[in-house]
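Trainee: Make the full structure from the sequences, and use the hints.
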Amino acid sequence: MSTGNPVPAPQEAVTTRPGTDDRHPEAGGSVGRRDVAPETARRGKRGQGTLLWWILALVIGVWCLFPLFSIFATSFKAPSDLANGALLPTTWSTENYREIFVGDSRELFLTALRNSIGITVIATLIAVVLATLAAYAIARLDFPGKKLVLTVSLMVSMFPVISLVTPLFNMWRVLGLYDTWLGLIIPYLSLTLPISIWTLAAFFKQIPWELDQAAQVDGATPLQAFRKVIVPLAAPGVFTTAIIAFFIAWNDFVFGISLTSTETARTVPAALAFFTGASQFESPTGAISAAAIIVTIPIVILVLLFQRQIVAGLTNGAVKG
Amino acid sequence: MASITLNHIEKVYDDGYHAIRDVNLDIEDGEFVILVGPSGSGKSTLLRMIVGLEDISDGELLIDGRRVNEAAPKDRNLAMVFQNYALYPHLSVYENIAFPLRLSKDSSLTEEVIDRKVRDAARVLELQDHLERKPGNLSGGQRQRVAMGRAIVREADAFLFDEPLSNLDAKLRGQMRAEISQLQRRLATTSVYVTHDQTEAMTLGDRVAVLKKGVLQQVASPRELYEQPLNLFVAGFIGSPSMNFLPVSVRQQGGQYVLSYPIGDIPVPAEKARKAEGRDIVFMGLRPEFFQDAELVEDHKRPNGSEFEATLTHLEWLGHEQYGYIEFEPDPKVAELLSALAKDLDADELRPVVVTTLSAESTARPGVPTRLWVDTTRIHLFDPETGENLTRDAEAGAELTRRTAEARRRQIEAAQARDAASRA
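Heads up: the protein sequence lines correspond to chains A and B, in order.
Position in the first sequence (from 1) plus 15 gives the number in our numbering.
Position in the second sequence (from 1) plus 771 gives the number in our numbering.
The hints are simulated quantities; they were obtained by calculation from the structure and are not laboratory data.
A couple of the hints might just be wrong.
Said to hold, decoys possible - Here are the simulated SDA-like cross-link-like pairs (lysine to any residue), alpha carbons at most 20 Å apart as the crow flies: (1) B:K1043 with B:L1067; (2) A:K243 with B:K905; (3) A:K220 with B:L1001; (4) A:K243 with B:K876; (5) A:K243 with B:R873; (6) A:K161 with B:D786; (7) B:K1043 with B:R1149; (8) B:K905 with A:A250; (9) B:K876 with A:K162; (10) B:K984 with B:R957; (11) A:K162 with B:D786; (12) B:K905 with A:V246; (13) A:K220 with B:N855; (14) A:K243 with B:D877; (15) B:K905 with A:K162; (16) A:K243 with B:Y1028; (17) A:K243 with B:L880; (18) B:K984 with B:A1113; (19) A:K243 with B:G907; (20) B:K984 with B:E825.
Unchecked claim - A few chain B residues that don't get close to chain A, going by computed Cβ distances all over 10 Å: (21) S810; (22) N855; (23) Y859; (24) E1069; (25) G1158.
As the list claims (entries may be wrong) - These stretches of chain B come out as covered by chain A in the derived footprint (C-beta under 8 Å, 3 or more residues): (26) 837 to 847; (27) 860 to 873.
Note that beta-carbon positions come from the ideal geometry of N, C-alpha and C, so glycine has one too.
Mentor: Right under this line is the structure:
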């Protein structure tokens, strides 16, 4: 009871040097060899499993990325090349990019890009701040109507966007919000808030309540506890939510095309529909492809930038592991 | 340093659940008090009410004579060690320990002072080598130490522990128990410690408060709880293996009082038996170590008890002692009382079995009738209805607790003298 380990026999005590663990190679070679066979078998089985996963990942990757690649290839095709049915352009041309940045579509594309960035960033910021506060309350407080808030926010996100557009169009015209940034930010909030609240609430629920309480006992006000303990821990969740919200707003087409009429507020997805070819007999496929590639870039950059912050699991070690 | 006083503390949850009922407790400055009880007894709730994480429904909580019912946790200047440590995972060990100091508005806490205090605490807890690591990379024992460090660094008025050792393995638990005990003596800080582990309760506490369903049963030194329990619940809860309860009836036989019970009759001293008079059935409480193999009883002890013959149904040899089990058939009326008692003690059922601790030298074998001796001067008799201990000697109990309090003062003085000597 008092001595934890059984006392080793004297000879053993001599051969075992202090500090080495008992797996030194000269001892028990046969034991080691006997262990090798099941070890490799296990590794082999695991290898097969990983291989299967790799094949699956490859298939899904090709499935998802092939259309993107097709757009990418098309964006480099010369107009004469567009309808030839080949995947790759016969000659790689940057004509389409010139068209949208310096050519006829320049005005249309660049203002739309500015609108898109402005509207999406503002909508994302508002959505994340509101959702953080709401989700914290939902995760930590017991207030009447908590379920209602969650259910309503879920219901809002279930409405088909198209059914909201017509009434909004009429309301916005009356209120003077039609074809303004605010007129798009508000509906984008209704799209991004529910999902933001849900993801963040789930994230906050994972942070142990005790950390809050420990901070309060250590002398923090509730606000200090939130700022110094909860926010740093929630940062990955907030970043993830921000990116999701950004995607949703960035990719929206229906609101963008229905609630705008001029370039004061028209976003890129909507603007793409207004591209025209060089003549009315020429389709603007090349320019659209080039613009599509350009608008994908911010999203790729965002994901690469915040990859590290998205890594969750930061709460490990807060409680017994 | 502070005293903590609980006056008629009540806790009623919003759903109407009455978790704490009229708890009165005076915790002296520098005292180590344990709150113990089965799960659901409200011991953690009581601790969280002291620290301010739960509202107090009624009654008064005083720290150093100042009412703090309405004070926020941060204004009570108490330090708490949580069951799962609640370390801040994004901060290094150093910053975890420094956290309370950084929150303090005290302007004397410059960066240098903080650094010195953190390093002092780390030295006491042997964490110097781990200061730059994150809690996630530490072992359970090290995390436990960091949690302790965060508590001791800021000279709080009292330490509150919420089952701090329950996540550690048995060996580490023993080690940390000793460390907590020594640390508390050195710092002489008032401490309240919640546990369900009675080894912790018995070894750490100057006084132990036993709770049952939110009602304080008895507050006394571990020895008083063990030797002079106030009621059936305390008697059954304290001690392992726990006290045997046997339903007995008192008879007079040839001028001698005899308790007849399912495994035989035992003559008992008259002053004990007289306390049970007028009751049909009482519970006799026998600690397992009251029994002994009759052959091994020392002669000077023999007159304190009486011998009887019984057949052990089962025997467990543990090396330093052995547990002998004697099963018996209770009659139905008694069986009902036993199962009610089991419910109180948080056990599924109280098996009709008597556990005896026999000396390791005993050659008793299960299945063979064996002569056993039982010390009848130390038995307790309990009222089966109220659970009250009829044979409790309050004076002797109070004396035990007084002695513990004296021992505490001596230990604190000795620890501080040692510290002063090591500093000089």
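Trainee: In ascending order, which of the hints set out earlier in this document are inconsistent with the structure?
Mentor: Failing hints, ascending: 1, 3, 9, 10, 15, 16, 22, 23.
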